[in-house]
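Participant: Here is what each chain is made of, one letter per residue.
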Amino acid sequence: MLRLYGKIFRTGMLTERVPAIPKDETVEREGARLKAVIDKRFRSSLAIRQVDAGSCNGCELEIHALNNVYYNVERFGVHFVASPRHADILMVTGPVSRHMEAALKRTYEATADPKWVIAVGDCGVCGGEFGVSYASCGAVSNVIPVDLAIPGCPPTPIDLLRGLLTLLLKPEANRTHR
Amino acid sequence: MNQSEEFDPKNSDRRVSITMENTHPPTENVDVCRALFTTLISEGIKARPITPSPLPPADLIEIESGDWGRTAQQASAQNWRWAGAWAEDRGTDLAMNACLEKQGGYLVIRTHLPADNPSLPSHAPYYWAADRVERHIQDLFGICFADHPDPKRWIRHQAWDENTFPLRKDFPAGGQVPASTPPDNDYPFLKAHGASVYEIPVGPVHAGIIEPGHFRFQAVGETVLHLEERLGYVHKGIEKIAEGRDPLELVKLAGRVSGDTTVGHAWAACMAMERAAKVDIPPRAAYIRGLLAERERVINHLWDLGALCNDVGFAAGYYQFGRLRELWLRENQALFDHRLMMNTLVPGGVGVDVPPEAPVRMRDSAASLRRELDELLTILDANSSLEDRFLTTGVLSSELASALGALGYVGRASGRTFDVRRDAPYSPYDRLNVRVPVESQGDVASRFWVRYKELRAALRLIEQMLADLPPGELAAEWPSSPEGAEGFGAVEGWRGEILCYVRFGADDRISRYYPRDPSVINWPALEKLVLGNIVPDFPVCNKSVNGSYSGHDL
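If you read the protein sequences in the order shown, they are chains A and B.
So in this note's numbering, spot 153 of the first sequence is number 193, and the numbers just go up one at a time.
So in this note's numbering, spot 215 of the second sequence is number 295, and the numbers just go up one at a time.
Hint data in this document are derived by calculation from the structure and do not stem from the laboratory.
All values reported here derive from a predicted model rather than from experimental measurement.
Backbone N, C-alpha and C fix where the C-beta goes; we use that ideal spot for every residue, glycine too.
A portion of the hints provided could be inaccurate.
[Stated by the list, open to error] Derived, one-sided and incomplete: chain A residues facing chain B with beta-carbon distance under 8 Å: (1) Arg43; (2) Thr55; (3) Asp92; (4) Glu100; (5) Ser137; (6) Arg138; (7) Gly167; (8) Glu169; (9) Ser173; (10) Gly203; (11) Leu205.
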């Protein structure tokens with residue numbers, strides 16, 4: 041047990057300050073704004089339900105990485121939840137396979153209003169490598185309304201963080217409450 | 081065989097641990113093939129060896145369709161492993177292929193069927209692994225496997241009609257789809273009846289950040305009586321949309337068959353295409369592919385070791401392994417411009433180089449990871465609650481593993497020793513000393529330790545490859561492949577053996593692509609090993625197998 045505590049102690053705090061994004065603003069500042077938005081609008085807690093609607097699982101690996109010690113997305117008040125009933129945001133990876141079409145729609149319907157949908161990855165955004173076929177509906181927006189697209193194959197954890205910021209910093213007027 | 085020197089001696093009394101060195105003599109493929117061939121002839125089966133084989137290093141035997149089942153029966157009696165099957169619409173007829181393996185030698189048996197009402201005896205009565213693969217072919221080609229013990233649909237849900245077959249050439253890739261696809265409500269799951277038996281449906285949308293699939297449990301109290309998997313939710317039509325692609329586009333698609341195995345699948349596809357087009361890749365390209373593949377093994381093993389800790393509530397282990405993985409992902413980004421190493425392979429070689437400063441960096445990170453693992457192993461090993469959850473949980477007996485043909489770490493945790501890198505070696509592994517750790521208990525702990533040891537073995541391989549990294553070109557020039565040229569590839573991905581079949585059509589375009597992910601073979605093992613365990617242990621059992629949904633569903 042001492043060894044375990046020793047290891048934890050020696051590993052120390054690795055969580056990184058969020059690196060800079062273009063336009064000379066640091067994401068740290070954005071992170072503070074994000075946290076401010078989440079604190080105010082979501083009572084300090086933003087719940088995301090991730091839905092794999094047909095991905096190759098590459099996007100899932102990077103979404104998972106948001107929770108590792110370096111990105112530690114929970115510090116901004118963002119956490120991944122097990123049920124769409126608990127979620128503010130659906131983070132959907134694609135392409136949406138036709139076999140997942142009904143399940144995705146039901147998950148969307150099960151999410152309480154107001155809700156937002158983020159399409160993650162090139163496939164979720166536009167169909168990517170798989171496009172539309174007898175087996176694939178392509179982009180997430182072909183199946184449910186999408187508020188924000190985060191492209192990338194797969195998007196890196198930093199891309200995902202930036203995407204989340206963009207969504208939450210959108211002017212209230214652009215928001216669609218459903 | 082020799083005792084593994086890398087395994088902590090403190091544990092050596094607890095479990096038998098063997099590491100098999102690369103000491104096999106060159107494969108005697110000819111002899112085992114001849115033995116089977118002689119038996120087939122003596123059984124009155126009209127077997128016709130095709131020489132030279134169009135699918136080297138695999139041999140090819142053509143038989144009459146009526147003898148399809150009996151051939152499998154004879155092969156099974158001679159302990160051939162059933163490794164996969166694929167069909168192909170050749171316009172005038174359908175070709176049906178099955179791939180067998182024995183002692184590192186591959187044999188493809190092939191038969192031809194009429195396009196109208198094709199019917200064939202099944203391999204499933206002799207080989208468990210053939211069950212779902214044949215149903216996949218039945219749903220996509222309309223081939224009827226006459227004596228299949230359980231011929232219900234598998235990959236087809238409701239996206240296409242049961243009388244249309246997407247992989248027939250006359251089926252348009254766009255399909256004939258309705259405005260929306262209904263849910264698949266009436267799949268005939270096995271039901272258990274009786275007092276206090278209850279059913280738990282799980283999925284397709286799961287509670288975590290994972291791929292979709294459905295699990296139907298029958299349980300009594302906390303004990304799992306029966307588990308039935310229902311997959312196919314992420315079927316994206318990969319085999320269909322591969323048709324008409326050029327070689328580079330195919331490698332890109334192959335790299336997304338299962339995102340966590342992007343190097344493995346891209347390599348298998350490249351290998352099949354290179355053999356079809358008779359292209360020799362430069363030695364440097366082979367070594368770089370090897371480095372990429374071993375790095376892929378490292379990042380995935382780290383991730384799953386952490387996830388296994390997490391599934392039994394040992395958060396510190398989860399975060400430590402996750403930290404080590406992130407360091408390697410960042411190094412991938414720095415060296416190969418992509419965290420998961422996507423798009424690094426090209427037909428004929430590789431699209432990335434190992435820059436001059438990289439070997440020192442990679443050697444350092446291998447050494448530092450090894451130090452960290454030493455430290456973590458001591459911590460993990462002293463953790464009795466971890467041991468309590470891992471030991472004797474989810475046991476896959478060696479008999480069952482053998483009957484299923486279990487691959488990769490799932491097979492090797494249950495006493496099976498097969499590893500493509502050692503038993504059917506391809507460049508660069510034919511020049512390396514490949515260690516294959518094997519355990520025999522078949523429980524979650526065995527799968528954990530096999531992966532831990534494979535991680536160490538991968539680090540050794542990385543160091544060997546860096547030491548011998550040859551100079552030279554990164555890719556051979558790609559010639560136009562002749563129409564009809566076909567190729568077969570087999571590589572050891574981090575999950576186990578990946579097979580790939582490719583045939584070219586006109587203008588260097590792909591006419592048929594079939595990737596067989598090891599998950600296809602290993603998914604049924606999960607149904608078996610979870611029996612008698614408590615329902616709350618299902619996540620850790622599932623993670624210890626970690627089948628790819630995407631790689632299975634295609």
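Participant: Any hints from earlier that this structure breaks? Give me their numbers in increasing order, please.
Facilitator: Checked against the structure, the hints that fail are numbers 2, 7, 10 and 11, while the rest are satisfied.
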